[in-house]
Each structure stands twice: as structure tokens, then as C-alpha cells.
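Undergrad: Chains as they are written, first to last, in the working numbering: chain A, 31 to 365; chain B, 31 to 365; chain C, 31 to 365; chain D, 31 to 365.
Don't take each hint at face value.
[Claimed, not checked] Beta-carbon label-pair distances, calculated as ranges:
(1) A:His324 with C:Ala190: 49 to 57 Å
(2) D:Gly79 with B:Val42: 31 to 39 Å
(3) B:Glu77 with A:Glu215: 51 to 59 Å
(4) A:Asp192 with C:Lys315: 38 to 46 Å
(5) A:Glu89 with C:Lys106: 53 to 61 Å
(6) B:Glu77 with D:Gly320: 47 to 55 Å
(7) C:Arg264 with D:Ala357: 55 to 63 Å
(8) D:Arg49 with A:Asp192: 52 to 60 Å
(9) B:Ala363 with A:Val42: 52 to 60 Å
[Said to hold, decoys possible] The calculated DSS-like cross-link candidates involving lysine-lysine, where the alpha carbons are at most 25 Å apart (straight line), are:
(10) D:Lys59 with B:Lys73
(11) A:Lys59 with C:Lys59
(12) C:Lys120 with C:Lys271
(13) D:Lys59 with B:Lys315
(14) D:Lys106 with D:Lys315
(15) A:Lys271 with A:Lys176
[Unchecked claim] Here are some chain C residues pointing at chain B (derived, C-beta under 10 Å):
(16) Glu134
(17) Arg185
(18) Arg284
(19) Ala286
(20) Arg290
(21) Tyr294
For the record, the hints were derived by calculation from the structure and aren't laboratory data. The C-beta atom is built at its ideal place from N, Cα and C for all residues, glycine as well.
Protein chains: 4
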Amino acid sequence: MTINLAIIGAGVMGADHARIFANEVPGVKLAAIVDADVARARKVADEYGASHVTADPLEVINSRAVAAVVVAAPDKFHSALTLACIAAGKPVLCEKPLSQDVGECLSVMSAEEKRGKRLVQVGFMRRFDPAYAEMKALLAGGAIGKALVFHCQHRNVSAAYDARPETAIANSAPHEFDVARWLLETEFTAVSVFRPGGAAAPATVPVQMVLETAGGALVNLEVNINAAYGYDVRGELVGEKGSIELRNPDVTSRNAALARSTAYPADWRPRFAEAYRRQNIAWVKSLEQGKPSHGASAWDGTCSTLTAEAGVKALQSGARVEIALPAKPGFYATA
Amino acid sequence: MTINLAIIGAGVMGADHARIFANEVPGVKLAAIVDADVARARKVADEYGASHVTADPLEVINSRAVAAVVVAAPDKFHSALTLACIAAGKPVLCEKPLSQDVGECLSVMSAEEKRGKRLVQVGFMRRFDPAYAEMKALLAGGAIGKALVFHCQHRNVSAAYDARPETAIANSAPHEFDVARWLLETEFTAVSVFRPGGAAAPATVPVQMVLETAGGALVNLEVNINAAYGYDVRGELVGEKGSIELRNPDVTSRNAALARSTAYPADWRPRFAEAYRRQNIAWVKSLEQGKPSHGASAWDGTCSTLTAEAGVKALQSGARVEIALPAKPGFYATA
Amino acid sequence: MTINLAIIGAGVMGADHARIFANEVPGVKLAAIVDADVARARKVADEYGASHVTADPLEVINSRAVAAVVVAAPDKFHSALTLACIAAGKPVLCEKPLSQDVGECLSVMSAEEKRGKRLVQVGFMRRFDPAYAEMKALLAGGAIGKALVFHCQHRNVSAAYDARPETAIANSAPHEFDVARWLLETEFTAVSVFRPGGAAAPATVPVQMVLETAGGALVNLEVNINAAYGYDVRGELVGEKGSIELRNPDVTSRNAALARSTAYPADWRPRFAEAYRRQNIAWVKSLEQGKPSHGASAWDGTCSTLTAEAGVKALQSGARVEIALPAKPGFYATA
Amino acid sequence: MTINLAIIGAGVMGADHARIFANEVPGVKLAAIVDADVARARKVADEYGASHVTADPLEVINSRAVAAVVVAAPDKFHSALTLACIAAGKPVLCEKPLSQDVGECLSVMSAEEKRGKRLVQVGFMRRFDPAYAEMKALLAGGAIGKALVFHCQHRNVSAAYDARPETAIANSAPHEFDVARWLLETEFTAVSVFRPGGAAAPATVPVQMVLETAGGALVNLEVNINAAYGYDVRGELVGEKGSIELRNPDVTSRNAALARSTAYPADWRPRFAEAYRRQNIAWVKSLEQGKPSHGASAWDGTCSTLTAEAGVKALQSGARVEIALPAKPGFYATA
């Protein structure tokens with residue numbers, strides 16, 4: 031059984047998904063690449079062996095030749111395209127965020143529930159990263175007792191386009207929110223945000239977020255989208271009996287010029303290459319087996335957007351903001 | 031020139047100071063060991079070659095045979111003994127804290143200023159630790175640009191006697207407060223405190239403190255006096271261009287039983303052995319040269335106690351607490 | 031285009047190849063699993079979706095339903111099965127060693143050359159390991175100048191079946207020989223072997239091999255098949271300007287019980303999982319493109335066996351043994 | 031009791047000894063600094079508070095105002111000065127090597143034995159390095175079972191004056207010989223030496239030495255005096271149950287410019303600062319207590335010179351060279 035796939039969006043993320051599905055995922059065939067810029071779609075299609083290109087996403091979403099859809103279009107189209115997939119009864123892997131608007135997230139949840147079938151996986155790929163997975167397994171195995179504090183640092187070399195702290199919280203932090211929720215198996219209840227200040231502070235600065243959870247653990251998160259020195263995602267989970275730390279997947283170290291060093295990547299792709307590969311394989315397996323993977327659902331996507339919204343409010347007000355989630359629909363209960 | 035030294039207190043800290051001065055510090059002679067338990071004083075005196083023992087601290091403070099005093103008595107006697115040294119015109123190295131009471135700290139400052147001579151060094155030995163010293167030198171050298179966030183973790187194996195978070199803030203955190211003030215060359219302006227919660231939370235838990243500073247940098251501090259896994263003090267200073275991390279002074283690693291490991295000490299002594307040695311050498315040198323070292327002054331001791339007081343208030347109230355320091359007397363200006 | 035694959039051998043290696051091809055390699059279909067123990071073949075076939083099982087390797091090698099063959103049978107059958115594949119004109123991925131007998135290796139080379147087409151890839155998967163690949167790229171990029179000494183340690187937890195040093199050299203060391211030849215792009219010219227000795231020496235001990243090369247660099251290799259502490263393959267390449275070291279692909283570290291630790295695997299599979307995956311993907315790509323990958327050829331397999339033979343002679347004689355390779359056929363020249 | 035010390039030699043080593051004794055060693059007074067260049071002696075004397083300077087070593091060796099002597103003169107004078115100290119009955123800490131000539135070493139041993147008192151300590155300071163000391167303690171505690179192979183790398187940034195491999199063996203390697211003998215508590219029985227070769231080999235290259243021991247363990251030693259990248263001394267002791275590795279005493283790591291790094295020193299002083307300090311303290315303590323420390327004796331100095339001599343022979347002949355030690359005099363037996 032080979033699954034015919036359409037990828038919507040032929041930018042950096044879409045092209046990377048095309049590469050992964052073509053070269054590293056058995057069981058699928060690239061049926062179509064969609065992009066407003068058809069030439070760009072054509073280039074990706076040619077490189078990875080997709081037969082069809084078009085500028086019209088609805089054409090492929092509704093095509094009988096397409097069995098499943100990857101949404102890697104610009105963020106603002108995510109929820110609409112996902113809703114179209116639900117309407118067509120097609121499984122969809124939607125890049126994060128599901129939407130930056132909570133209302134749109136809720137409408138996706140509602141449409142999916144109405145359709146009566148879990149069709150949406152949100153591309154929070156860290157759930158498939160070997161390091162986070164091992165951390166979760168060690169926690170579950172009792173290695174550190176109950177989790178107390180999860181220290182996280184999210185560091186980019188430089189802000190892609192918009193260096194405002196609001197953007198850091200809305201755009202980058204959701205990766206951390208989702209993986210922390212998944213790891214700790216709990217929900218956030220409140221968030222406080224701090225910023226370095228002073229006259230000499232740079233135009234953009236890291237924000238430090240302290241998130242409280244229903245389960246009791248704290249999540250202590252630095253979001254630093256202008257960290258300059260490298261792409262670096264860190265995590266240490268502190269428990270009653272010890273702690274577990276993520277390690278970067280370095281494969282060599284070098285000795286030269288009076289230093290011993292390991293390299294940081296310039297962006298997220300080398301760091302999370304394995305996470306994307308495993309995510310995409312797991313998604314295809316979930317399609318074959320007809321049941322959801324442990325990837326993020328529309329509910330999870332909604333929770334992260336809600337948390338980001340509260341985080342921005344905390345940043346702007348300088349006050350602790352409580353996070354009120356809607357009741358979790360039984361539809362999204364995990365087995 | 032050999033300086034005759036009296037050590038007041040023959041417990042763990044006092045005995046360790048006796049060992050350091052006897053074995054590792056040139057230029058001094060142990061003239062007297064003082065302890066309410068004279069037998070305990072005698073034991074230390076015999077081991078490290080001190081000629082005189084007594085239960086009466088004032089006897090040695092006022093003795094012409096004693097040129098300088100180390101106060102390593104229980105915390106509650108620190109300020110009174112320091113005041114007695116000032117009254118006698120004797121230089122004193124007072125173990126931290128100067129006092130846990132701000133009023134007592136201020137009275138030491140006032141007495142010292144009245145005496146007109148800098149006589150007090152508070153034993154915040156981390157200022158002499160090679161790791162913190164290298165971090166400060168790298169920062170000064172521009173390695174990371176302006177400092178933005180200082181992440182600190184203070185972890186003990188288990189609480190010595192009192193596991194309440196108030197005690198963690200009052201007793202352990204001041205080491206972090208002092209070294210952060212010294213490193214960043216700024217003062218704290220506000221503090222917020224968070225705790226893991228929930229029904230299942232252990233009797234004592236780490237506290238997470240976020241401290242704001244006049245210079246703009248944040249200090250993000252975990253104080254964890256029941257960390258279980260080892261004595262572990264960490265620090266990462268994040269700046270505009272990169273970051274600097276402290277490393278533990280491990281000298282071997284071991285491969286056995288399916289693990290590669292390095293050892294944590296059970297308490298602070300191996301970790302800060304070099305800091306104590308350098309502190310005590312620097313103090314003796316400051317006595318020889320008649321001018322203060324870069325160790326902590328009575329002003330510094332007062333600032334840490336004030337910060338601890340605000341931290342306890344923030345813990346208990348759940349609110350952000352501003353820290354209002356008195357004006358810094360010119361007497362304590364550093365050259 | 032989907033390539034129909036037969037896997038000969040359903041033991042640990044064969045089953046692992048079946049898993050990799052089924053779950054991680056696009057473009058192939060498991061057509062048949064072969065094992066003398068048909069029930070064992072059936073189990074693997076069922077788990078990974080192969081349609082056909084048999085005890086007769088020649089049946090599948092000669093079947094028109096099979097386009098390519100993986101030889102994972104016991105070592106002693108490797109060369110005969112590879113010869114049968116050549117006779118049938120079928121591409122073959124033969125697990126290492128090609129043969130432990132140099133004469134058999136040469137007959138494979140000769141048959142392949144006679145057939146006029148490169149059909150054989152030997153399963154020295156380390157050439158596809160990300161760590162060795164990065165080391166080679168850094169060397170090529172001039173990071174350390176000319177290579178001078180390659181320090182290697184090959185450590186197993188315990189000898190699988192035969193702990194004699196001769197077996198260590200014949201069986202385990204060839205992985206090191208091949209990857210060093212590939213990395214340094216040179217041939218071995220002589221080998222000396224040393225062993226720890228003394229009355230108290232354990233039944234089996236590590237052997238230390240010093241290999242000289244035509245290019246000038248030394249390869250200084252510990253082969254330690256009873257290392258006890260973990261599966262651990264190390265390498266440091268020392269050049270004129272610096273050195274490059276391999277790092278194990280650890281993804282977490284743990285703090286507990288007065289130690290900071292990372293885990294060693296119990297055998298080679300976690301360490302080289304990525305190497306096998308990439309090797310198998312590259313092999314399939316080479317079949318699709320009709321030209322050899324950078325994997326090991328029959329010539330490479332022959333060189334490693336010859337080196338092992340010389341190593342055993344050096345061990346037994348206690349003397350330095352020169353390694354005389356036959357002239358390299360132009361047929362095996364790399365583009 | 032204060033011991034009056036003379037230091038012979040006011041070059042890099044002599045000045046460093048003056049600094050250490052003046053600033054870090056209690057119980058001694060610098061009585062005299064000796065150097066053929068009296069102005070140089072004066073400079074060191076002024077900086078570290080020595081009262082007397084002279085160009086005549088015999089004057090201070092025979093002076094009643096001098097109780098013990100440090101020999102830090104050029105290597106060729108070591109044995110003659112040590113003999114003069116023995117003749118005067120003065121304890122002497124002689125920088126390594128005791129002599130590069132075995133005959134001279136033996137004459138020192140013979141003079142000392144005739145004098146009937148252990149007066150000579152050779153400055154192989156690594157015996158006092160915390161890393162080697164911890165390695166030895168772990169071995170003694172059974173952490174790795176019996177020792178099998180000791181891998182050592184001795185790397186300098188660049189050869190100080192003479193880059194010939196003979197000089198590397200005669201001058202640098204003895205530090206490794208001595209610490210390996212001390213660690214393993216055994217003697218060397220044979221040595222083989224290998225060099226990278228080839229037309230393109232640099233003027234000087236590392237040498238790889240394999241040393242066999244009476245106890246059975248191998249010592250596998252790279253001596254690399256033009257390693258370029260930093261001063262770096264490494265060691266891994268492999269035993270039956272695991273291994274122990276030395277770690278450099280780094281105190282910070284840095285994140286900048288797409289790399290995480292730790293710094294290497296440019297020469298041996300930062301790496302072995304603590305070893306020199308502890309050595310000198312232990313030497314003074316041994317004078318106070320009238321019994322030798324665990325530092326190297328004239329016997330130990332002789333063994334290292336003999337091993338170096340065999341190593342040079344092995345290098346030049348390309349053959350394995352056996353090492354025949356004289357019988358160890360009972361006079362040098364350790365308690």
C-alpha cells in the first residue's frame with residue numbers, strides 16, 4: 031500500500047518535507063506539490079519526483095488522487111487549509127502553529143469532532159526527537175522521581191524577520207510549550223514573563239517565562255531569538271532524586287587554535303533532522319494503521335496557542351496571567 | 031612579617047579555616063582557637079599547631095598577641111563578634127552571613143565607618159573561585175557583549191537541618207546573590223519567587239527566583255537544598271553575543287557498568303576548596319598591604335541579607351517585591 | 031520503481047536488515063527471506079512484510095522476482111553466496127567480512143571483474159556513520175592539516191563467542207581497518223601487535239595494533255572485545271594543526287547518586303543505527319542510479335582481510351609484519 | 031620552624047618556584063636566589079622577597095644560612111649541583127631530569143646511598159597532580175580491576191628549541207615514564223617506537239611509543255611536541271572492568287561564533303599549577319618530618335633516564351629495545 035501525498039507550500043519547510051518523504055519515508059508517493067508560485071512548486075516536484083504541480087490547494091485537497099496532505103504554507107493559511115482537509119475527510123499533517131488565533135484553533139477542533147474522526151496532526155516534531163523521547167522514558171521509569179522544574183532554553187542565531195519579544199512568544203515558544211506539556215503530561219495554569227531591561231538593552235532581548243502547571247512542576251523557559259552564538263535548544267528536567275539533561279547531537283569535537291570545540295548549527299534543521307524524519311514516518315504509519323500517533327492533535331495545537339496568547343499578555347502587562355483552558359473534549363482523549 | 035591569627039569557632043568551618051591557614055597560607059601563625067567547647071578548640075589547636083585555646087572570644091579579640099580574627103562561630107554571633115573586632119581595631123574575616131538581620135548588618139557598617147578603617151571582610155568565597163573569576167574576566171574582555179541573563183542553580187544533596195524554602199533563601203541563596211552582584215557589578219531592584227506545587231509536592235522543594243537588577247540583567251536562580259543527586263553549583267551567563275558557563279572542577283571521568291560518569295561531591299568543600307584557599311591568601315595579603323581585597327565588605331554582606339529578606343517576603347506573598355537599598359556610603363567605594 | 035529484495039540469513043543481522051529496509055528505506059520491497067531454519071525466516075518475513083520464505087539461497091538468487099540480494103548468512107558462506115549473486119548478475123550487499131580467507135576474497139574480485147560490472151558492496155557501514163563522515167569532511171577541508179596519527183579504540187562489552195585475540199583481529203578489527211583506509215585514503219604497509227602480559231593477565235586481553243600506511247600516517251588501534259564497561263568505539267585523528275575526535279551519539283545525560291553520567295549501549299546497534307540506515311539507503315540509491323556508492327567494494331573487503339591476516343601473524347610471531355597488497359585493478363578505481 | 035631555601039636558577043622554572051614558595055607554601059623563607067646572570071637573580075629575589083643573590087651555587091649550597099636547595103638550573107648542571115647538595119648534606123629538590131646521562135644518574139644514587147640519607151627529590155610533579163592522584167586512588171580501590179593499557183598523549187603547542195624526535199623522547203617523555211611507573215607500580219621492560227612517515231611528513235612529527243612493563247600492562251604513549259592546537263596532556267587507564275580518564279582542569283566553557291569551546295593553555299603552567307604547588311608543599315613537609323614524600327627519588331630519576339635512552343635507541347634502530355634496569359637498592363625501598 032502506497033499513500034499518495036500532496037504537499038502544500040514549497041518554501042523552506044515544504045521543500046524539506048518533500049525531501050524527507052521522498053528519501054527517508056517508505057510507503058508514500060509524492061503526488062502533488064502546491065505553491066502560489068508554480069515555478070517554485072515545479073522545482074521541488076522535479077527534485078523529489080512529484081508528478082503534479084498546481085497553485086490551487088483545494089484542487090489537490092479534493093483530488094481523488096491524493097490520500098493525505100501536508101500543510102507547509104504560510105502560517106496564516108494553516109487553519110483554513112486544515113479545515114478544507116477535514117471537510118474532504120483527508121488526514122493532514124499541519125505545520126505548527128495550527129493557528130496563532132485561538133478562535134481559529136477552536137473551529138478546527140470543532141470541525142474535526144463533528145467529522146467524527148481524528149484527521150489532524152500538528153507538526154510539533156520535538157515529540158519525536160530522540161533526546162526528548164529518552165528524557166520522557168527516563169522520567170516514566172522513575173529515574174528522577176517526581177518532576178519539579180523543567181529548565182528550557184530556546185536559542186536562535188538571529189530573529190528571522192521580526193525580533194519583537196511578542197513574536198518570540200507567539201512563534202518560537204510554542205515548540206517549548208508543546209513539548210513540555212507532552213513530557214510532563216499536564217496543562218499550564220499561569221505564566222509570568224521577565225525581560226532584561228535598562229537603557230543599554232538591545233532592541234530585542236531574551237524573555238524569561240515562568241510557567242506553572244496543574245501537575246505542580248514549573249517550566250522555566252528562556253526564549254532567545256537573537257542568541258547570536260548558535261542554534262541551541264536546551265532542557266534540564268529536575269526531579270526529586272536527580273535530573274535529566276538534553277544533549278545536542280554533535281558527532282565530532284575539534285582541537286585547534288587553543289580550543290576544544292563542538293559546532294552549533296546555524297538553524298534548526300540539523301538539530302531536529304531526526305525528529306522530522308521520525309515524525310513523518312510515524313504519521314505515515316498512523317495513516318496505515320488508521321489511528322493517531324503520539325504527535326500533537328488539534329487540541330494540543332490549541333493549548334499552545336492559548337498559552338502563547340497568555341504569555342504575550344503577561345509580557346505586556348508585567349503581571350502573572352492565569353491560563354484558562356476550555357474543557358478537553360473526550361474526542362481527544364488518548365488511549 | 032608573620033600575622034598572629036585567632037579563629038573563633040572550631041566546628042566544621044572553623045576547623046577547615048585552621049587547616050587552610052596552617053597548611054596552605056604563608057605569612058600567618060595560628061595564635062588561638064576559640065570555642066565554647068574548649069575540648070573541641072583544643073583538638074583543632076593540636077592538629078594545626080595553635081598555641082592557645084579558650085572559650086572566651088573577647089579575650090582573644092582584645093589580646094595583644096592576636097593581630098587578626100576569623101569569625102566562624104554560629105551565625106547568630108557573627109555581627110556581635112565582628113563589632114567587638116571593630117571596637118578592638120582588629121581586621122576580621124567573618125564567615126557569611128554578616129547577619130541574617132538587616133539592622134545588625136547596618137550597625138556593623140556604621141561602627142566600621144565610625145572607626146574610619148575598613149576592617150571587615152565577609153566570607154563570600156566564591157569571588158575567589160577560579161571559575162567565577164574567569165567568567166568575570168571573559169565578560170570584562172567583551173567575550174559575550176553586554177550581560178542579559180545569569181542562570182544559576184544552587185543544589186545541595188540535602189538540607190542540613192531545616193528544609194523550609196525560607197531557610198533556603200535566607201541561608202543558601204546569599205552566596206548566589208553576592209557572586210551575581212560582584213560579577214554583574216550592579217544591585218538588585220526586585221525579586222519574584224516561584225515554587226513547584228501540587229498535592230504530591232515533597233515537603234521541601236526547590237524555589238525559583240527571578241531577580242531584576244539596576245543594570246538591566248536578570249538573575250534566574252534555582253535554590254534547591256534537597257537536590258539529592260549531588261552538590262552542584264551551576265551558572266551560565268548569557269550575553270548579547272554568546273554565553274559563558276561554569277564547569278565543575280572534575281579531574282577524572284570513569285567508564286564502568288554501561289555508563290561514563292564524573293563524580294559530584296557530597297558537600298561544598300571539594301567544589302570550593304580552591305576558592306577558600308585563594309580567599310584566605312588574599313585576605314592575608316590585604317592585611318600585609320593594608321588595603322581591602324576584592325572580597326565582600328560589610329556593605330556587600332548587608333546587600334545580600336536585604337535581598338534574602340525581600341526574597342522571603344516574595345515567597346510568602348506570592349508577589350514581586352521591590353528591593354530598596356540604602357545609599358551606598360562613600361566609605362565602601364571601591365578604588 | 032520499487033526494487034525487489036531478498037535477504038539471506040534471518041539471524042540478528044538479517045532481521046535487523048529486514049527491519050531497516052521495511053521501515054526506513056524507500057524504494058524497496060522485501061521479496062524473500064532465506065534461512066536454513068525456515069521457521070526463523072517466516073518469523074522475520076511476517077514481521078516485516080516479506081511474501082516469500084525458503085531455505086534455499088540459490089532459489090532466490092536466481093529468481094526473476096528478486097532484483098538484489100543482501101547476504102547476512104554466517105561468515106563462512108559469504109563469499110560463495112556473493113559469487114552466486116555475481117553469476118546471476120545480481121547486485122549484492124554482503125555483510126562483512128567478504129571472507130576471512132584472502133583466496134576467497136580474490137576469487138570474488140576476479141569473478142566480478144570478469145562479469146564486467148560492479149555488483150558487490152561489502153557491509154562496512156561505518157563509512158556511512160555521521161561521525162566518521164564529518165571527520166573525513168573536516169580533514170578534507172584542511173581543519174587539521176595532514177593526518178599523522180589515527181588513534182582508535184574498539185571496545186565490546188564481552189566477546190560474543192570466542193575471546194581469543196586472533197578472533198578479535200580477524201573479526202572485529204576489520205571494521206577499523208576499513209574505515210581508516212577510507213578516511214585516510216591510503217593502504218596499510220606494515221603491522222605490529224602488542225598485548226598486556228604477566229601471570230595475572232586475564233584469559234583474553236585487549237591487543238594494541240600499530241599500523242603503518244603508504245601515506246605516512248600511523249593507525250594506533252586498541253581492539254578490546256572484553257572491555258566490560260560498554261560498547262564504545264572511539265577515534266581521534268591527529269594532524270599537523272589539530273585533531274578531530276568522534277563523539278558517541280548520546281542524547282541525554284543524567285544526574286543521580288553523586289554522579290553525572292551518559293549511557294553506553296550494550297552492543298553496536300544503537301551506536302551504528304544511523305550508519306546502517308544510511309548505508310542501506312545509499313545502496314538502494316546506487317542500484318537505482320546504476321553506479322557504486324562510496325561503500326566498500328570487493329577490493330576493500332580483500333584489503334581488510336589481508337590486513338587481518340598480517341595482524342594475526344604479527345600477534346603470533348611478536349614481530350612487525352609487512353603487508354603486501356596485490357596491485358589494485360583499474361576496475362576498482364573510484365571516479 | 032621556618033626552612034631557609036636557596037633556589038639555583040632564575041629562569042622560567044626557577045622564577046616559578048620562587049613565586050610558589052613565596053606565595054603558596056607555608057614554613058619556608060627564600061634565603062637566596064642563584065643565577066649566572068646576577069641581575070636576573072636580583073629581579074626574582076626582589077619580586078619574591080629573597081635577601082641574598084649570587085652567581086655561585088656552591089656558596090649557597092655550603093652556606094649555614096641555607097637549609098635546603100631547589101635546583102632549577104639548566105639540565106646539564108642538575109647532577110653536579112645535586113651531588114654538591116649531597117656532599118653538603120642538604121636536601122635538594124632537583125628539577126627533572128636528574129640527568130640525561132644514565133652514568134651521572136647512577137653516581138647521584140651512589141653518593142646519596144653512601145651519605146646514608148635520602149636527600150634527593152626529583153621534580154616529577156605529576157605525582158602530585160590531583161587528576162593522576164585520583165586515577166591512582168580509583169585503581170587502588172578496584173574501580174577497573176587490573177590495569178591493562180595506559181594510553182597517554184603528551185602534546186605541546188610547539189617544540190621549545192629542538193624539534194627532533196630524539197629530543198621529544200629524552201626531554202618530554204620522561205614525565206610520562208615517571209608518572210606511569212608510579213601509577214602502575216611497575217618497571218618498564220621493553221620499548222618500541224613508531225613515527226608517521228612519508229615524503230610529506232613535517233620536519234618533526236609525533237612519535238608513538240609502546241612500552242611493556244614487568245607487571246604486564248602496556249603503556250601506549252604519543253609524544254607530540256609540535257601538536258599546534260594547545261598544551262594537552264591526556265591519559266586513559268584501561269582495566270579489566272572499565273577505564274579512568276584524566277580531565278583537564280577547565281573552569282569555564284564558552285558559546286560563541288557557532289561553537290561551544292573550552293580553552294587549552296599555551297604551556298604546562300596552568301595545567302600543572304596545582305601539581306607544582308602540592309609538590310612543593312609536600313617537599314617542605316617531608317623536610318619538616320625528616321622522611322621522603324611520595325615524590326620521585328634518585329632511583330626514579332634514573333629509571334626515567336634509562337627508559338628515554340632505550341626509547342631513543344628504538345627510534346633510531348626501528349626495533350624493539352629491551353630495558354635492563356640495575357637491581358633496585360634497598361636504600362630506595364618505599365615504606
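Undergrad: With reference to the structure, classify each hint as holding or not holding.
TA: Hint-by-hint comparison with the structure:
1. A:His324 with C:Ala190: 49 to 57 Å: The hinted range 49 to 57 Å is violated for histidine 324 of chain A and alanine 190 of chain C, with Cβ atoms some 35 Å apart.
2. D:Gly79 with B:Val42: 31 to 39 Å: 34 Å, holds
3. B:Glu77 with A:Glu215: 51 to 59 Å: 55 Å, holds
4. A:Asp192 with C:Lys315: 38 to 46 Å: With Cβ atoms ~40 Å apart, the hint holds.
5. A:Glu89 with C:Lys106: 53 to 61 Å: About 59 Å separates the Cβ atoms of glutamate 89 of chain A and lysine 106 of chain C, which means 53 to 61 Å holds.
6. B:Glu77 with D:Gly320: 47 to 55 Å: Violated - the Cβ-Cβ distance for glutamate 77 of chain B and glycine 320 of chain D, about 20 Å, lies outside 47 to 55 Å.
7. C:Arg264 with D:Ala357: 55 to 63 Å: 40 Å, violated
8. D:Arg49 with A:Asp192: 52 to 60 Å: Given range 52 to 60 Å: holds, Cβ gap about 55 Å.
9. B:Ala363 with A:Val42: 52 to 60 Å: At roughly 55 Å between Cβ atoms, valine 42 of chain A and alanine 363 of chain B fall inside 52 to 60 Å, so the hint holds.
10. D:Lys59 with B:Lys73: 28 Å, violated
11. A:Lys59 with C:Lys59: 14 Å, holds
12. C:Lys120 with C:Lys271: The hint is violated at about 46 Å.
13. D:Lys59 with B:Lys315: Measuring from Cα to Cα gives roughly 16 Å; hence the hint holds.
14. D:Lys106 with D:Lys315: 28 Å, violated
15. A:Lys271 with A:Lys176: Roughly 8 Å between the alpha carbons, so the hint for lysine 271 of chain A and lysine 176 of chain A holds.
16. Glu134: Cβ of glutamate 134 of chain C sits 37 Å from chain B, so the hint is violated.
17. Arg185: Holds. Min distance 9 Å.
18. Arg284: 8 Å, holds
19. Ala286: 5 Å, holds
20. Arg290: 5 Å, holds
21. Tyr294: 5 Å, holds
Violated hints, in rising order: 1, 6, 7, 10, 12, 14, 16; the structure is consistent with all others.
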